[in-house]
Each structure stands twice: as structure tokens, then as C-alpha cells.
Amino acid sequence: MGRTLAEKIWADHVVRSVEGEPDILYIDLHLIHEVTSPQAFDGLRLAGRPVRRPDLTLATEDHNVPTTPGPITDPVSLTQVETLRRNCAEFGVTIYPMGDAEQGIVHVVGPQLGLTQPGMTIVCGDSHTSTHGAFGALAFGIGTSEVEHVLATQTLPLKPFKTMAINVDGELGEGVTAKDIILAVIAKIGTGGGQGYVLEYRGAAIESLSMEARMTVCNMSIEAGARAGLIAPDQTTFDYLRGRDHAPTGADWEAAVAYWSTLHTDADAAFDEVVEIDATSLTPFVTWGTNPAQGAPLGASVPDPALMPDENEARAAEAALAYMGLTAGTPLREIAVDTVFVGSCTNGRIEDLRAAAAIINGRKVADGVRMLVVPGSARVRLQAEAEGLDAVFTAAGAEWRLPGCSMCLGMNPDQLTPGERSASTSNRNFEGRQGKGGRTHLVSPLVAAATAIRGTLSSPADLD
Amino acid sequence: MQAFTNHTGVGVPLRRSNVDTDQIIPAEYLKRVTRTGFEDGLFAAWRKDETFILNQQPYAAGSVLVAGPDFGTGSSREHAVWALMNYGFRVVISSRFADIFRGNSGKQGLLTAVASQDDIELIWKYLENEPGASVSVDLVSRTITAGDIVAAFDVDDYTRWRLLEGLDDIGLTLRHEPEITAYEGDRPAFKPVVSAA
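Chain order of the listed sequences is A and B. Residue numbers 270 to 733, in the numbering used here, belong to the letters of the first sequence in order. Residue numbers 526 to 722, in the numbering used here, belong to the letters of the second sequence in order.
There could be a bad hint or two in this list.
Stated by the list, open to error - Derived DSSO-like pairs: lysine-lysine, alpha-carbon spacing no greater than 27 Å straight-line:
{"hint": "1", "chain 1": "A", "residue 1": "Lys277", "chain 2": "B", "residue 2": "Lys716"}
{"hint": "2", "chain 1": "B", "residue 1": "Lys573", "chain 2": "A", "residue 2": "Lys705"}
{"hint": "3", "chain 1": "B", "residue 1": "Lys716", "chain 2": "A", "residue 2": "Lys428"}
Since the hints were made in silico from the structure, they are not lab data.
The shape of chain A in the complex, shown without the other chains (with noise of 0.2 Å):
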């Protein structure tokens, strides 16, 4: 019978397989942050050993990065900053601190340039780390025990995954992104309904999306409980990587483009679980509740609690609404929101703000609502600013800010106060993870951009 994808690569990163036991897979890059690192660092310490593969090893900064020109203010955010860039020193790893050319969110730094390949396997201690299954590479977050694993073995125990097929077949709508994509198919299967799979997203409608669009895909894989989300390579993932920093050249590409084109899911293969989305019935997504699974197309309104089935989504739901301050029945285009958050590892790439720039082009942001712009990386913040997208959102009234996780997180000081409404790009509406008491709606760029406008939960359509 013939294999799935996943399996596939599964298979190439094998150094181990014995029964009764996890096989020890064999790590090809190991993308680091200044978050979950630093315990790692420290049991290689007390243990005396090395970094097995500095030159498999890439560090970034962005998780704690103030996104407003300056230093770290918070003397505990710069403490963790500042033992990164000593943990790298020490043990011979690169990094790309704040202020660096190639500085970014881990998930924007990785793919820009040319690292994330095909057929890879890729860890790193941040849960969206299944963003590179874009390119057909094994992707997935790893606690720091595991980073330290990686660290001290360039590998990892692991039990297989199953797999799960999730076939979104027929053609996008106007308006409708990848990001309306995911947040279905989260709604469809859950938080919980991907636990213990590696996703792999098939179709027409994903072969259309471009690789920036692929990757907001795969980074939410996580939301729906999935270690990895991948998505086959192509000629549309191969024109991405040639002639990037790290992409292979000369006979290597040659050699590589071989290999990448076997990295499919043979036709006589079989997924554990299939889940069926169809593309044509797809609109503008977004969420209501306090888990990215609580969704809804924008032309619904809030969901009553008491008309659903089972008794803990029930209650689930009513906590969240209770939280959000929202009523059942409420039109999700009727709430109004204080700040827009364009940016993050899901939707912080230089299409993400063209696509949001255009909206805004020649408008205002409503009054009353502010916007903050923050793009993924470095590399993209000057691209946006050779478009003259920064001008666009800044005559709009929209904040241009530096590069970092920002308000997807909080960890810096780009946060909500309590009882302040988002419309935010990034990937969890989870209690208080923009700040105590912020109320988060996930949306896409185009609805992001849309809302800045009318100051209300909206979509493109329903401009002028």
C-alpha cells in the first residue's frame, strides 16, 4: 500500500526504530526563541554537554521585542533577551537579535530565507511551529525539555502520528482567504478534533493558495489540536525557494527538486480520518468565543448556548460569551471593536499587509479605534516600506510598527485592557492572552482592514 506524506518524511528522519519503544527521529532544523529556551540551555549546562548541531540551530528574537523604536523597558523581558543572546554565544549558535536585518517572528524568519525545504523535519519550542508544513515539511512545537533534547541529540523519541486528509476542494470566493479556511475547519473538527494527527490540507482550493497563504493554513494546524499541518510541495513551493539565501543551487537543487517531487501522498494510500470542506461555501470567518474553534461566518450572529447538544460545549460557550460580553442572537457584523491588530506568525507576511493596505487605501480608520500594524519580520517591514504600504496604513491613522509577536501574546507591551474589544489576524482568542480581560475576535487581514474602517466587525463587501 502506498504511504501518505506524512509518512513519506516520517520515514527519510528514522535513526532508530525499534518495538516497544518511540523512534528517534533525526531533526534538520531547530528554530529557537528567547521564551522557551532558556531552561534548556541551562540542564546542557548542568549536564556538560554541547550543542550537538549549532549549524542546524537558529535563534531569533521576537516574542518579548517591544514593537516601538528603543529598548526593552521591562528589565525581565530584557533578562530573558539577554540570556538567549549569552546561551548562543556560548554554545555557537546564530542568532538574529533585535535590530538585525533578518530579525522576525521564528515562523516568518525560517521561510524568507529559504531554510524551510520540502521533506524537512522542523522543531521549535512555539506551538505555531506547524507554519513550515507549508513547504511538505514535518513541522511541530516542542516543550523545552524536548528543546534541550534537540539541543544535546538533533533528535527526538516520537511516536508515530495517525493522519488526517482534509480535502477543501472547489474555488475560494471573493473575499475568502486561507484564513477563513482554517478558522472552518477548526470550527468543523474542534480544538481537540486534530489531537494525535498530522493534518494534511488537499484540494483545489489549497493548490491555488499562494505559499504565504499556505502557511497561515498549517500554522493554525495547532488550533485544532494537530502537532503538524503540511501541505504537499509544488511548482508554486519550488518558484518560492529558488534563488533564496538558503536554497540549495547548482546540481544540489537539481538534486533536491528530485527528491521534493516524490514528497506526495501516493494515490493508493490511506489517511486515518478524511474531513471534507467545501471551498465554494466558504465566506468571511470569524470568531465569537474564547477558543479559536468558536467561529462562525461573519454573516451569522453569536450562538445560543442553550440550543447546543452536548452539555460541556454548552457551557463552554456560555463562559465565553460571559467573558466576551456578548449576547446570543447578537449580528457578529453589530460588534464593535477599540483595536485592530494586523500582524503575528499567521497573517504578519507581506501579502497579509498588502492584502490588509489595499482595503485601507484612501480610507480612515474609524474614530475611536486604533490599529496597530506589525509586521513578521525585519525583511518584511522594509518590503512593506518599498511598497509604500507603511504610508497607507499611517494616512490612514493606522500605527506602522517594528517587527515581533506583539499583541498576539502580550508578552510585550502591546496589549488590550480589560474589557477591550479585537479584531485581530493572529491565531488565539483565549482569556487574557492579549491582556487581562481583553476580548479577542480572530479574523483575516481583508476583515481586519475592513473593520478598522467601519469600526465593526466587517468585510471588504461591506465597504462603499
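Fit chain B to the supplied structure of chain A, relying on the hints for placement.
Using the frame of chain A, we list chain B on its own:
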């Protein structure tokens, strides 16, 4: 890692599903560079509410957390496990755990016991009727005992063995160092490197 054979302690009924790691420990508490001292951040937002279960005696002394489905979703932060253990928890019982959280727990000696939601409902009722009652969790026989309730739980064989033995994963892997070196010798030349080795 701390070995785990069995544990008996005060059970804490947490009637919530989708307890994500941002709830277990908010990001503002992640800035320490040590593995200790995270107990203050445990359920920090909820603990501001005086009716929250851990603010009630005798639940405050709990060491066995009994939670709803999909515990530990979201961020990969191992700080969530450190916070639970720093506070004093040795066991979390749920009908379903997020993968990364479960993996992180296994590395630290926090037992994630997967029980049926029906059994969890029974244990919740028991602990609510008998505040401060103990729950016993035995890893050898994979059973949870709470009053008259005896429930089976799942944990994968390999994690169970490692927990029982208190084994360090890195040490186990480094026993196979020659195989890693051999694998590295066969890696294709086109694989990228960040920097010259």
C-alpha cells in the same frame, strides 16, 4: 526526572473543558529563566476570583487535578507543567489532553491520566460532596481510587515505564549516539545549514 509509582492527595474538581496553557499560566509569568517559582502564575487569572476552586479550603492543598476534556491546549509552554508541579500537583486527570502538554508532562514526572468522561463526572461529584477528599492514583495498576469509585486510566506504555523508572530521555537517546552519527553521514548534501559547522 522524579519517578512516579503512585500518589495519594487532595483531589481538585475543575469543571472546565479546553483549559488552555494561557489559562494554566499567562504569558506575563513566562519571563523567568529558571524552572522554579512558577506557582504564583498557576491559573493566575482565575485565582483572582475568590470563588475559584483553588481559593477554597481544603481544595487549595490539592495535588490531583480532575479536569474537563482537552486539557492543556494551545501554546507549547512547558511552564504550564512547571507551574502545576511547583504548586504541588503530581497528577492531572482528563478525558483528553493536548499532545504537547502531555509530552511535556511526561518529561517532568507529572502524570497525565486519561480517564473516561463518565468516570470523571463521578469523581467530580464525589469531590464536590466531600471537599478535601483524597484521590489515589496508581501507575502500576493504572487505577484511580476516589472513595468507592475505582476507575481505570490510560497512559502509554513507554511513558509509564519512563515515569516508573524516573528515566532521563536525553540519556536514553545518547545511548544510541553511533546511530545518530551514522544517520548524519548519509544526509543529502542539499539539506540546508544555518551556518558553517
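Results for each hint:
| no. | hint | result |
| --- | --- | --- |
| 1 | Lys277(A) x Lys716(B) | holds (16 Å) |
| 2 | Lys573(B) x Lys705(A) | holds (11 Å) |
| 3 | Lys716(B) x Lys428(A) | holds (24 Å) |
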